[in-house]
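Engineer: Given next are the chains, with one letter for each unit.
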Amino acid sequence: MTQMLEAPHIAPQEPKTIAKVAIVISKGSLEGIYPGLIMANGARMEGIEADLFFTFFGLDAIRKDRFEKIKVATVGNPGLHMPTLLGAIPGASALVTGMMKRQMEKIDIPPIPEFVELVADSGAKLYACKATVDMFDLSMDDFVPQVEDIISVGEFYEKAAGGQIIFT
Amino acid sequence: MTTLEIAETTVDVDAEGFLTHPDQWNEQIAEEIARESGIPELTDRHWLVVRFMRDRYLATGTAPSIRSLGKESGVPIKELYELFPKGPAKLAAKIGGIPKPRGCI
Numbered sequence: 001m002t003q004m005l006e007a008p009h010i011a012p013q014e015p016k017t018i019a020k021v022a023i024v025i026s027k028g029s030l031e032g033i034y035p036g037l038i039m040a041n042g043a044r045m046e047g048i049e050a051d052l053f054f055t056f057f058g059l060d061a062i063r064k065d066r067f068e069k070i071k072v073a074t075v076g077n078p079g080l081h082m083p084t085l086l087g088a089i090p091g092a093s094a095l096v097t098g099m100m101k102r103q104m105e106k107i108d109i110p111p112i113p114e115f116v117e118l119v120a121d122s123g124a125k126l127y128a129c130k131a132t133v134d135m136f137d138l139s140m141d142d143f144v145p146q147v148e149d150i151i152s153v154g155e156f157y158e159k160a161a162g163g164q165i166i167f168t
Numbered sequence: 001m002t003t004l005e006i007a008e009t010t011v012d013v014d015a016e017g018f019l020t021h022p023d024q025w026n027e028q029i030a031e032e033i034a035r036e037s038g039i040p041e042l043t044d045r046h047w048l049v050v051r052f053m054r055d056r057y058l059a060t061g062t063a064p065s066i067r068s069l070g071k072e073s074g075v076p077i078k079e080l081y082e083l084f085p086k087g088p089a090k091l092a093a094k095i096g097g098i099p100k101p102r103g104c105i
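Chains A and B, in that order, give the protein sequences.
The first sequence begins at 1 in this note's numbering and counts up one residue at a time.
The second sequence begins at 1 in this note's numbering and counts up one residue at a time.
It should be emphasised that the hints constitute simulated quantities derived from the structure, not laboratory data.
Since we're looking at a predicted model, the values are computed, not measured.
Result set (DSS-like, lysine-lysine): computed pairs, CA atoms no more than 25 Å apart in a straight line: (1) A/Lys20 with B/Lys86; (2) A/Lys106 with B/Lys71; (3) B/Lys100 with A/Lys20; (4) A/Lys20 with A/Lys159; (5) A/Lys16 with A/Lys125; (6) A/Lys125 with B/Lys86; (7) A/Lys20 with B/Lys78; (8) A/Lys20 with A/Lys130; (9) A/Lys130 with A/Lys159.
Derived, one-sided and incomplete: chain B residues facing chain A with beta-carbon distance under 7 Å: (10) Ile77; (11) Lys78; (12) Cys104.
Every residue gets a Cβ at the ideal spot worked out from N, C-alpha and C, and that includes glycine.
Produce the entire structure from the sequences given, and follow the hints as far as they go.
Structural biologist: Structure below.
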């Protein structure tokens, strides 16, 4: 027997806006890093406060020695619709990365180094994850100058207080 | 379509107050929208950005991205956010009397 549920009465509310976001970037591939940067930049463009927390291989996005060499993962990436063995051929990742970068340039998405600078200049704060920094034996010297600090998870939550957390 | 009385002129606006017909715009309208958006006075630097946005929109049909705004307007990104803390591209478009930029960048 079907029963009609009474529609709940919800008082109409003014549409709320997000005032603050804290975005975690945890992956080191091109497709792992861009979404977080795009969301941070988009937040700032709307006047929303944004913090960025780089953890695990996401740290590659702010490492001086690596952030110019970020590649698309061509193995284990079903989104590419490409046979795994083909993706494993030397140069496949570089080729796909080159193609994707050209597409992005066409729609005015900056390369990662320029994007990190743009996001920082727009007022977003960049932080590196302390656990990962310790694990990989890194220090502030390894990071681009836009990185504010190396902070623990607890400190990240303090900074994120009152906002939305986005994990990518 | 909503109409709004700004600086003694009737203009067509969208739900967020962006002009839908850029030809209805004038400098008095710009100044009034700026005041309502929390910018008490438009400086030369504000005008540089507003005019760049508007001219680019009128020439190409789309508003520039924040990236090209920072590279080509003559005002760097940091200063753009100082001038328009609530979002440079969005606010400059609103003040410049062009539709809200739809791009993600």
